[in-house]
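Sequence lines, in order, name chains P and R.
Residues in the first sequence are numbered from 216 upward in steps of one, following the numbering used here.
Residues in the second sequence are numbered from -5 upward in steps of one, following the numbering used here.
Among the hints, a few may not be true.
[Stated by the list, open to error] List time: in silico DMTMM-like cross-link candidates among lysine to aspartate or glutamate, alpha-carbon distance up to 25 Å:
#1 P:528 / R:93
#2 P:554 / R:142
#3 P:332 / R:163
#4 P:554 / R:93
#5 P:411 / R:53
#6 P:525 / R:53
#7 P:525 / R:162
#8 P:475 / R:93
#9 P:525 / R:142
#10 P:245 / R:130
#11 P:327 / R:93
#12 P:525 / R:93
#13 P:528 / R:53
#14 R:141 / P:234
#15 P:554 / R:140
#16 P:411 / R:93
#17 P:525 / R:130
#18 R:141 / P:377
#19 R:218 / R:60
[Claimed, not checked] Pairwise CB distance ranges (calculated):
#20 R:39 / P:618: 21 to 31 Å
#21 R:66 / P:284: 35 to 45 Å
#22 P:526 / R:186: 48 to 58 Å
#23 R:66 / P:405: 37 to 47 Å
#24 P:339 / R:29: 25 to 35 Å
Honestly, the hints are just simulated from the structure, not real lab data.
This one's a predicted model, so the numbers in the text were calculated from it and none came from an experiment.
Backbone N, C-alpha and C define an ideal beta-carbon position, used for all residues, glycine too.
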Amino acid sequence: MSRKEGALLQFAPMQSSVDEGFWHRFSSLKLNKLGIDDSPLPIIGFYAPCSHSQVSNHLTLLAESLPSESSDSSLVPEPSSGNRNKCSVPGILYNTNTVEGFHALDKMKLLKEEAAKIWNDIVTGKAVEDCSMLSRFLLISFADLKKWSFHYWFAFPALMLDPPAALVNLRPASQWLSAAEAESLSTACNEWRNSKSTADVPFFLVTIDPQSRATVRLLKDWDACQSDAHKILFGFYDPCHLPNNPGWPLRNFLALISAKWNLKSVQFLCYRENRGFADMGLSLVGEALITVSEGWKNTMPNAVGWELNKGRKVPRCISLAQSMDPTRLAVSAADLNLKLMRWRALPSLNLSALSSVKCLLLGAGTLGCQVARMLMAWGVRKITLVDNGKVAMSNPLRQSLYTLDDCLNGGSFKATAAVESLKRIFPAVEAEGVVMAIPMPGHPVNSQEQESVLDDCRRLSDLIDAHDSVFLLTDTRESRWLPTLLCANTNKITITAALGFDSFLVMRHGAGPFSHAHGFNAETAISSSADVHKIKDAKGKHRLGCYFCNDVVAPTDSTSNRTLDQQCTVTRPGLAPIASALAVELLVSILHHPEGIFAEGDISNNVIGTSEQPLGILPHQIRGSLAQFSQMTLVGYSSPSCTACCDTVLSEYRNKGMEFILQAINHPTYLEDLTGLTELMKSASAFSLDWDKDDDGGGGGDEDCVEI
Amino acid sequence: MDQKESVRDITPWDGTLSSSDFFSAACAFSEKWKRFNAFVPPWLWVPSRKHHLLSSHKEEGYLSLEGMCLIKSSEEQESCRSQTWKEESSISQEEEAVDNATLVCICDEVNHYDFHIVYSPSYRVPVLYFRSYHSDGQPLPFGEIEKDLPDHSAKIRSESKWTFITQEEHPYLNRPWYKLHPCGTSEWMKLLFHGDTALNKNGFVIEHYLVSWFSVIGQVVGLKIPLGMLETLSC
């Protein structure tokens, strides 16, 4: 289809395409080598003839468009193999250090400077030698390396003919050439494209002799062409696919032809391919009429060329946070791991329950550090750690979140250091540290401290309310009392881990005696006053016990008057990781059990069969011994005289609130009196318990899993 | 070499390939592809640039098929990529010369796809990696890619626990690409060559490994394998 004579020759604009790899490499270059240096950087762009009938080719920037970090920064590396698809053209990059700087760049000035380089190459003849100079381009950018977004704007300087060239006709090459000529030209072009020395030369001459033989030649052979040519075409790699318009590179080509060889009528070939081979149906041949004045080439012509963004003269912006932000990459990798577990092994894995459960860890020591890490491995994101201690020099060896740095200058607070450590491991964790002591019975407070102790009690209560699951990981028995009570009162998932020298206990507390977390109903008030021991939970089932249910003594001061080795954490190192891991796995099993904390306690057995739940059994207590390398599961039911979770104690708490707590703290026998344990003591003469607090013998006979 | 072959005859094949076998399989595959597929770009071997302490293996690398274009119809051209850009940085009319020689055209939105076939040393099977981007280079999120995948792809992925798409670091390019997870590949490759231990002779398995593999994998991403290539398997 030919165009009318004398119509304005309109060129399809060059389009840009920037591969992700370019921005990756540029970011790295900026961070590691360039710093704040914003001097212009030479870069290489690549384009190739159009190879698709419906999609234009673009001027592309890849990672190799930039110099590598190791080499001299003024050098630009050679393009890699396959250069028939990547004709390199020179470009320049102006990257600013601020977005204001980006907007303030004098765009017309920069465009003129690059256009001047092209004009200069034309006038001096350099463009004939190295024709890729005709497609020189300009790129301005601002790389925001905090948000991983890149603002950029390309300009493809084109020298304007004045007046503009007119189009005489334009049609597919197969219609302009004879069949023999077309075949010969195809062959010649394919050879040109397959030869390493010419494959990436984007401007060339075509001569066709009277015998229909076509030859493709370099521009510098222009003089030699004059004699033997029957037809001469000015050919160029055309990235554009449109059937009625030539591509952008023709503009500067015409400027060259006019300035250098003074031609008025130019026959040009828009060379296009199809699937890697010359295609004379897609390629176009046209005739342009140049009517510039005599003096046109004496001064540098005007230039245009800023790329439009969806029709508007504004810059572009690309966001690569998804693929470059390390935190996001860490999150998606972690999610992938869990999803793989679900897809491959455990389809009923409830990942959203794990990512939304809020865990409160009381104690950030040997157990606390390991539990926190294991929780993160399961995809738990919301973790709060409570500890009032500081990191001591002996801690980093056994407490896996701390390093030597945390011990210096008196030691950081454990709760704070633990949270920082968790964030270093996995930045997307939502971790909080609370530096606070847990009020304990048997550690009386004087009247000045009273208010602050009550504050701590309230704070602990608030913390427990705000979380779904509580881990009791402290190093004394009595520090577990108040949390146990508060958890029983609100039916929170409560998991205790306790270590002996070479044995451990990991257990989940049963549900509390009341059906509602708060609120005090008349029923229970009456029943407690009627002295009916309520051993059933809200669902009417026999409640599983808590940590204190098996006790016959109230928690008292176990720390004073003990010998050093009983006071400090002296356990076999392997114990804490084992117990911590079991504690976390126990939580995950609870979360997957339809009855949650109301689930009955299972006992492991040797029968190989399908257990009810996909994750296996849900035990109540796990007691293990390293001396035996053995482990067993047990079930213990709640005691009606339990100092922490029986309904008598809880009702008293609901009645009197903090006043009750204070009494328990200050008067160690208060709890025993309240629960009737005192009576039990007196009446059971078979027990020979030693009430004397000064006794430092192996306290309590076979209480092996109590301390630390 | 003889001993290796006889061992292969005896031991049942586990569906996997060695690294050098992968190279041979890749060569066979790309050559067949060119022969039967005149209308699609060829698979090119890209040698890897990973450094080995010992002399570099010439055979290390991956197969690459780049530049598959999917033209979006105008209804699908949402402004999901809309950037609210203030005119802080525009060029006023007076500054740039009036130029009527520039054609004003609105081009179709095109999604470009690149596919790589990369060998996985830990699973010992090939893995298909792919990515998609708009013409200006902006990468497509998976939600957009899913719209381009053929309908039966979602069906295959939900039914078979072997086939799912994940985003992981490309082993050579160090950037996140999408891939079809290889955990089940050796299992279904065994099934494809089921019972034909005789096929292990003369490297038949190696030569046809990628063709068979691709006949399954290609369906998930909508790449068709021409019938002619498949027929060479039955000889």
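Here is what the structure says about each hint:
no.	hint	result
1	P:528 / R:93	holds (14 Å)
2	P:554 / R:142	holds (24 Å)
3	P:332 / R:163	violated (41 Å)
4	P:554 / R:93	violated (56 Å)
5	P:411 / R:53	holds (23 Å)
6	P:525 / R:53	violated (44 Å)
7	P:525 / R:162	violated (32 Å)
8	P:475 / R:93	holds (23 Å)
9	P:525 / R:142	holds (23 Å)
10	P:245 / R:130	holds (22 Å)
11	P:327 / R:93	holds (15 Å)
12	P:525 / R:93	holds (18 Å)
13	P:528 / R:53	violated (48 Å)
14	R:141 / P:234	holds (22 Å)
15	P:554 / R:140	holds (19 Å)
16	P:411 / R:93	violated (38 Å)
17	P:525 / R:130	holds (11 Å)
18	R:141 / P:377	violated (48 Å)
19	R:218 / R:60	holds (15 Å)
20	R:39 / P:618: 21 to 31 Å	violated (47 Å)
21	R:66 / P:284: 35 to 45 Å	holds (37 Å)
22	P:526 / R:186: 48 to 58 Å	holds (51 Å)
23	R:66 / P:405: 37 to 47 Å	violated (32 Å)
24	P:339 / R:29: 25 to 35 Å	violated (49 Å)
When the structure is compared with the earlier hints, violations turn up for hints 3, 4, 6, 7, 13, 16, 18, 20, 23, 24 and for no others.
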